[in-house]
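Peer 1: Sequence:
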Amino acid sequence: MSHPRHELDDVIHSPVRFAIVAALAAAEKAEFRYIRDLVEIETSALSKQVSILEAAGYVKATKGYVGKRPRTWLSITGEGRAAFATHCAALRKIVEGV
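Sequential numbering from 1 applies to the sequence shown in UniProt numbering.
Don't read these hints as lab results, they were simulated from the structure.
Only true hints are included.
Below, computed lysine to any residue pairings styled on SDA-like, alpha-carbon distance capped at 20 Å: (1) Lys29 <-> Ala55; (2) Lys93 <-> Arg5; (3) Lys29 <-> Phe18; (4) Lys60 <-> Val39; (5) Lys29 <-> Thr77; (6) Lys93 <-> His6; (7) Lys60 <-> Ala82; (8) Lys68 <-> Ala30; (9) Lys48 <-> Ala19; (10) Lys93 <-> Phe18; (11) Lys60 <-> Val11.
FRET-style restraints, in silico, Cβ to Cβ: (12) Ile52 <-> Glu7: 13 to 21 Å; (13) Ala25 <-> Gly67: 24 to 32 Å; (14) Val66 <-> Val95: 35 to 43 Å; (15) Lys93 <-> Arg71: 34 to 42 Å; (16) Arg5 <-> Lys68: 46 to 54 Å.
Computed from a predicted model, the values in this text were never measured in an experiment.
Glycine included, each C-beta is placed from N, C-alpha and C at the ideal position.
Based on the sequences and whatever the hints tell you, model everything.
Peer 2: Structure representation (structure tokens):
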């Protein structure tokens, strides 16, 4: 039998990335600035973390405009949602001592 820590996702395990993915798992999509403020990090730090999540296939960034102002929306992918669910299940197993 393998310890559940082996089921933790190294990409999601970072506290900031975990918070980003958790926020996106609760919504269809969210504006970049909203996630930045929610997670309480700087724009450059969020951009870096989103790039890591995009490279893993967990998050998708979509650019567009509201009026003449550029906006970026973030959404979790199906792969990201599955990885997040597996990661959370592993955390529960660890906490519950399963």
